Amino acid sequence: MTPRAVLLLLLLSACAAPKPASQPAPPAPPSPPAAPPNLEVRVSEVIQRADLDGLSYAEVFLDGAPAGRTDVAPRSKEKRWSAALPPKNYAVRLELWLLPGTGEWTRLPDDRQPRERFVRAEAATRAVLLLRRHPSGRYDFDVSKQPL
Amino acid sequence: MRRALLSWLLLAAACGPVKEREPNDDYTRAVPVKAGRSATGTLAGASDLDWYKVEAPRDGLLSVRLSGIREADWVLAYRGPDRTELKRVDETSIGGDEQLLDLFLTKGEHYVVVSNKNEKASNPSQSYLLELAFEPAPGREFEPNDRATSATELAPGGSLKGHYHPGTNPVAEDLQEEDWFRIHVDTGGLRLLNIDVSEVPKVDSVLEVFDSNGYKVREADAGGVGEAESLRNFGVRGPAEYKLRLRSKGRAGNAETPYQLVTEFLPYQGKLEFEPNDQRSEATPFEADSIGGTIAPAADADWYRLAAATETKVVVRAELTAAAGMDLVLQVMDDVGNPLATVDNMGKDQPEVLTGFGARSEQYLVVTEKTGRKGDSKQTYTLSRTMTPWQAGLEYELNDSSKTAQAINPGESVDGYFAPKGDADFYEFNVYQKGAVLLELTGVLTVRATAALFDQEDKPLAAAEAKKAGESLSLEAALEPGTYVVRLAPAEPAQANVRDKYTFRVRMR
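Chains as they are written, first to last, in the working numbering: chain P, 1 to 148; chain U, 1 to 509.
What the hints contain is simulated information worked out from the structure, not anything from laboratory work.
Quick caveat: nothing in here was measured; it's all calculated off a predicted structure.
A portion of the hints provided could be inaccurate.
Unchecked claim - Here are the computed lysine-lysine pairs in the PhoX-like style, where the Cα-Cα straight-line distance is at most 25 Å: (1) P:Lys-77 / U:Lys-403; (2) U:Lys-421 / U:Lys-467; (3) U:Lys-501 / U:Lys-421; (4) U:Lys-249 / U:Lys-378; (5) P:Lys-88 / U:Lys-403; (6) P:Lys-145 / U:Lys-459; (7) U:Lys-53 / U:Lys-117; (8) U:Lys-459 / U:Lys-434; (9) U:Lys-403 / P:Lys-145; (10) U:Lys-434 / P:Lys-88; (11) U:Lys-34 / U:Lys-107; (12) U:Lys-421 / U:Lys-468; (13) U:Lys-271 / U:Lys-370; (14) U:Lys-421 / U:Lys-370; (15) U:Lys-459 / P:Lys-88; (16) U:Lys-53 / U:Lys-107; (17) U:Lys-216 / U:Lys-161; (18) U:Lys-249 / U:Lys-202.
Pulled out of the complex, with its shape left as it was, chain P reads as follows:
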């Protein structure tokens, strides 16, 4: 057998030999747990008649930029939005939207929207902004702090 043939034979046998099993990939490092929300908004209305208790929600703006919206629920029910934010004093503006009995979602006029207020988000507490709208159009604001 010529050396070339021997070499060829060796190469072929190497190809035919069973391949060793591949090593499983190492597990990915666990992702850090999501930070609990430190700013929460709760919006509701005082509704005097059941036929007025249609659906509503609130758009949330922080420092003038859209940040999300609350869930959709009847006007009298509390609707919430929350987020984990870097600690800061945020200008919070809520924009109320209503779904009338017939028609599309309608934004309350500017002069009937709640005014913008600053709410401080901190690392160790959750700031809860409670907004309640009265039939007269008056708003009750209340900010409380809860430990995280």
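Chain P is fixed; fit chain U onto it per the hints.
Quick look at chain U alone, frame taken from chain P:
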């Protein structure tokens, strides 16, 4: 001549008192006597009963007077056609006269019974005189009207006379003599009923009004002994029926002087209160520019409902005139009757003013007298109101706490009032860029103003006070971006001014 004398004797016999014929101890042997005539009798024994059958030729009013005799303590009773006892009097003691007044008789036979209470009486020889006066009935009280079920009919707008007699009612459980009247309103709509009861010497009267369910809805008892009573602006929603009860406090009677019960029935035009309006559910609608009312009886509260549209903000100003002898208070209540504001800036005989109040869809103005012990149906107050669209730059009460602070932007100003007493005005503004903020407040006569600045966590940051009443003040602070609240208030809670506004301004330096 003989014939003339005989005629005269017969005539005298026919017109003179009817002589009692014993035995007349029960109705079957009652002595007949015509209403309008008189009778004489004697007390055959201490337990003697003398029945008289009174014949009424038509409907009318009977008054009975029984003269006293020695040793007899009379009890005088009236019985109806079926002999049921309907009225009894026992006002005097031994030797005294007795009277039954204002008995309504239908045409036919009725009974008057004379009896004696003194077991030791023995005077069979002395005669008594029983006088039965009979008059037309219209315009008079109809006894017996001692219960609601036997009330005398009184036409709305009508009047009648009656007596506080007897002082006590021996057949009533509580011995209280009462006169009941029934007013029936056939037609629908709103009316006002005014009732006046004239004064009667020795009597301290009370007039009460009951609705068809028997609930007492009104009482007039402002007068004392020998004084009149008056009920004003009692609202009637026809068709309806009301009962009046008139009685003497302390059971003093007066058989000589009648009372006059006069009613006035007016269409309701919205310019007067509509009693009873003593609670939220009965509030008088306040739709005109002004409305009149009275505080009567003492502790009266007059509720007025003020409705406003909610599409636009409206500011209410209300003015309450004085009522002589009284210190009136004006309150604002919310739609469920909770107090929002109390205006009591002035004292007795002084007016009150509500300024700059943000109108809700429904609220109430309530007028009361401060002590709760005074009332006078003759002193009318006037409550007037103006409702104007709110404009930016005007205070919008209620802004009495940080939670209800009124928004103001730096660069803007607002005019407001330090009123009513105890008022504090809160304003809220946002700072978006770090910088110095200047707060300026003009002076107001009679008020020494104070200002306090708080951050969004209610932490006090700065404060200022005017040196004296009428002086302005300013407050400057370096602020980070955030929401801030300013509290403006008089230095003394008793200070207020409903006439002169302050101007409050926020500026960024």
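Status of the hints after comparison with the structure:
Distance hint between P:Lys-77 and U:Lys-403 is fulfilled; the C-alpha atoms sit about 21 Å from each other, no more than 25 Å. Between the alpha carbons of U:Lys-421 and U:Lys-467 the distance comes to roughly 20 Å, so the proposed pair stays at or under 25 Å and holds. At roughly 14 Å between alpha-carbon atoms, U:Lys-501 and U:Lys-421 fall within 25 Å of each other, so this suggested pair holds. A distance of roughly 22 Å separates the Cα atoms of U:Lys-249 and U:Lys-378; the hinted pair therefore holds under the 25 Å criterion.
Proposed proximity of P:Lys-88 and U:Lys-403 is supported: the alpha carbons are some 22 Å apart, at most 25 Å. For the proposed pair P:Lys-145 and U:Lys-459, the alpha carbon gap of about 15 Å is at most 25 Å, so the pair holds. For the hint pairing U:Lys-53 with U:Lys-117, the CA-to-CA distance comes to about 22 Å; that is within 25 Å, so the pair holds. Between the alpha carbons of U:Lys-459 and U:Lys-434 the distance comes to roughly 18 Å, so the proposed pair stays at or under 25 Å and holds.
Proposed proximity of U:Lys-403 and P:Lys-145 is supported: the alpha carbons are some 16 Å apart, at most 25 Å. Proximity of U:Lys-434 to P:Lys-88 is assessed by CA-CA distance (about 14 Å); at most 25 Å being required, the pair is judged to hold. In summary, the hint linking U:Lys-34 to U:Lys-107 is supported, as the alpha carbons are separated by about 11 Å, within the 25 Å threshold. Pair hint U:Lys-421 plus U:Lys-468 holds up; C-alpha atoms about 18 Å apart against a cutoff of 25 Å.
Annotation: proposed proximity of U:Lys-271 to U:Lys-370 holds, straight-line Cα distance about 24 Å (limit 25 Å). A threshold of 25 Å between alpha carbons decides the hint, and for U:Lys-421 with U:Lys-370 the separation of about 15 Å falls inside it, so the pair holds. The suggested pairing of U:Lys-459 with P:Lys-88 holds, with an alpha-carbon distance near 18 Å, which does not exceed 25 Å. Simply put, U:Lys-53 and U:Lys-107 have alpha-carbon atoms about 13 Å apart, close enough for the 25 Å limit, and the pair holds.
Between U:Lys-216 and U:Lys-161, the direct Cα distance comes to roughly 23 Å. Compliance with the 25 Å bound is thereby established for this hinted pair. Taken as a hint, the U:Lys-249 and U:Lys-202 pair is honoured in the structure, with Cα atoms around 10 Å apart against an allowance of 25 Å.
Of the numbered hints given earlier, the model fails none.
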